[in-house]
Amino acid sequence: MKRITSLGALLLGAGLAFSPPAAAQDSGSATINTIKSRGQLVCGVSTGVAGFSLADSKGVTQGIDADTCRAVAAAILGDANKVRFVPTTTTNRFTALQSGELDLLVRSTTWTLGREGNLGLLFAGVNFYDGTGFLVKSAAGVKSVKDLDGATICVQPGTSTELAIADYFRLNKLKFTPVLIQDLAEIQNTYLAGRCDSYSTDASGLAAFRFQQGPKAGEHVLLPEIISKEPLGMMVRKGDDKFFDLVRWTLFAMIQAEESGVSSKNIDEMLKSTNPDVRRLVGTEGDLGKALGVDNRWAVNVIKGIGNYGEMWDRTVAPLGIPRGINNLWNKGGLHYPPPIR
Amino acid sequence: MSGAVVDPRLSPARAAPKKGLSLSWSDPRFRNIVWQVLILGTITAIVWYLVQNTSRNLAARRIATGFAFLGRTAGIPIGESLIDYDPAINTYGRALLIGLLNTLKVAVVGVVLATIWGTVLGVARLSKNWLISRLAAVYVEVIRDVPLLLQLLFWYLVLQGLPAPRNSFHPLPGVFLSNRGIKFPVVEWEGPFWWALGALALGILGTMAWSRTAARQQEATGVRPKVWPVALGLLVGFPLLVWGALGAPFAVEMPALRGFNFTGGATVSPEYAALTLGLVVYTASYIAEIVRSGILAVPTGQWEAGGAIGLRSSTVLRKIVLPQALRVIIPPMTSQYLNLTKNSSLAVAIGYQDVVSIASTTLNQTGQAIEGIAAIMVVYLAISLSISFLMNWYNARIALVER
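Chains as they are written, first to last, in the working numbering: chain A, 1 to 342; chain B, 343 to 745.
Just so you know, the hints here were simulated from the structure itself, not pulled from any lab data.
Please note that the accuracy of each hint is not assured.
What the hints assert, rightly or not - Now the stretches of chain B that chain A is said to cover, found in silico as 3 or more residues with beta-carbon under 8 Å:
no.	segment
1	413-419
2	706-712
Claimed, not checked - Computed list of chain A residues with no C-beta within reach of chain B, every gap over 12 Å:
no.	residue
3	G48
4	Q213
5	K304
6	G325
For clarity, every value in this text was computed on a predicted model and none was experimentally measured.
Just so it is clear, CB atoms sit at the ideal spot from N, CA and C, and this is done for glycine as well.
In isolation and in its complexed conformation, chain A is listed as follows:
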């Protein structure tokens, strides 16, 4: 992993050093033009987290992050399958996006001020509201994070999780020993081998990991405390506002579609709808798509290809046994609140 990291950083260095001065970067939506001429969206995802981005038995990357990438591809190119997925680690993900290796990064990455301020990157939206949780072996008899005083905790370095744990334990006057390994499979194996008392990452990641244990899932318990806010979302480079807009509104369109009852199953009927909200969404009224710099039927392509947010959730995350919770629509007790599409 270190190699990849250093390589990523060197690539960034080389990319920044050799690429022409930045003037060309600011021309409207250079990224969309590149994607159109390439005929493909290059999207950074994880190296394999169930529910977010994990290759299935046919080698097709599945998950909510992967589908978010596909939705953007559908909005720009009209075809949800025109995506090339690039697996990234927690440490090389930002450099890969900064250096232009990726168009878009959807890698269960937490939106923080530090990242937006320092990295030259922007969060275009939140496709999953998460929080740091702890997984322990049932046999240990631990009931709460407070019982973890003196414990050894497995965590991936370079994540917001490691900062959250350090803060939480200090505030609660608890001690812990971190074991920090970059590679996801390696850190999980280390936890399973008993090197750590607990494995900590986003609660969704823990649920996914527990799910992957199959019949042995019962040997692990998710502790009740969620110790941090981890809004996970899509990242783009700063300096291309048009592309930023498009990514942001693609997600909003999916959420709005769920709210308005538009789904991949009824989208053809919805094209005949008389409801102005729906008409604007599907592009039968107004020029909102053109305003974004893509086809006016962009949202139709997204919904046909991926479905609305609820459909995407049910297909990818729900099978892991993760409740919808705060990821529900705003009018159903959740946090997903799309601004008006008009």
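Since chain A is already given, all that's left is putting chain B on it; use the hints.
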């Protein structure tokens, strides 16, 4: 004019032709200067362009630059450190310093152990005992052929295979082997120990002085006074006496299982153990071959000549063969030491927090990749240059003095 005789050599006509620089392509000095200016100028221009363009692009993309982050509170947890560290208070600079110390901890211990183990293997491979020499040969051939990263993962896996703390191996009182590492008791460090340590240092100086006196006496009289009783007194007796005079404090801190883990005592973490073990096992196979080649490079005649004047074979090895072999061994040995140090950066794969690991976490948390990588490069350059400098100095000292 007076009749003073002017030395003809001082007259301008007889002086050696002045080496004026002619601006002609046929003048080699002029050619050299032109080439050097050209090459230096080109390199400077390229570097200047790269630096300028990089910083302009970084600014355009609003990526933070500079080393100010070193003074910022780190917040990143670190598993093991030689100096105190609290993520809430300490800075990225201190975190990187801990990384550097962790790297040095592996490198220094690794170099010493690999040298010892490699020398044993190298000598074993030359052994007249068929089994020993074959075993050493198989070791060298197998270990050299397996990539180091795989070996590290293997050792880490082996150490994780140890039982949980509650069922740990307990070979000696106070020593516990578990998948949390090796726990062993430590003596509580108190003031008198520092004094005893000082006494030991004095003892070493005294022993060296006495050994020199003994050598002088041997040259003068042919009889060498015994050194070891004095050495024993100075190295063991004197520090013990000092420690005893100060009240002989002695308290052992024993590790004990409490809650999840052991408290008290000292720990060798599985990550550190796996990394050091892997590096030593791997590098020793190369060192073994270097030692073997060094010994074989000394002609057999030297052994025979030593034997002919009645020296024991251990004395021949120590006084005749090894000093000559060392001249062959030292330069390639330097490369192995450098390799071991640089290979320690594979620590990242098994979760040992060396300087690369901490720097890449830092660059990921701060987003300052170029500075992070630069810091790693500077650290390795500094360590490598120090090793080279030391080894070159040693090499020059033992080199054959030609008269």
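Closer than 8 Å Cβ to Cβ for three or more residues is the test here. Does the segment 413-419 of chain B pass it with chain A? As far as the segment 413-419 of chain B goes, the hint holds, because 3 residues have Cβ atoms under 8 Å from chain A.
Taking C-beta pairs only, is A:Q213 more than 12 Å away from all of chain B? 18 Å, holds
Far enough from chain B: is every CB of that chain over 12 Å from the CB of A:G325? 28 Å, holds
Non-interface claim for A:K304 versus chain B (Cβ beyond 12 Å): 35 Å, holds
Given that the segment 706-712 of chain B was listed as covered by chain A, double-check it with a C-beta distance under 8 Å for 3 or more residues. Contact hint for the segment 706-712 of chain B vs chain A: holds, 7 residues under 8 Å.
Taking the minimum C-beta separation from A:G48 to chain B, is that value above 12 Å? 17 Å, holds
Comparing the model with each earlier hint shows no violations; every hint is respected.
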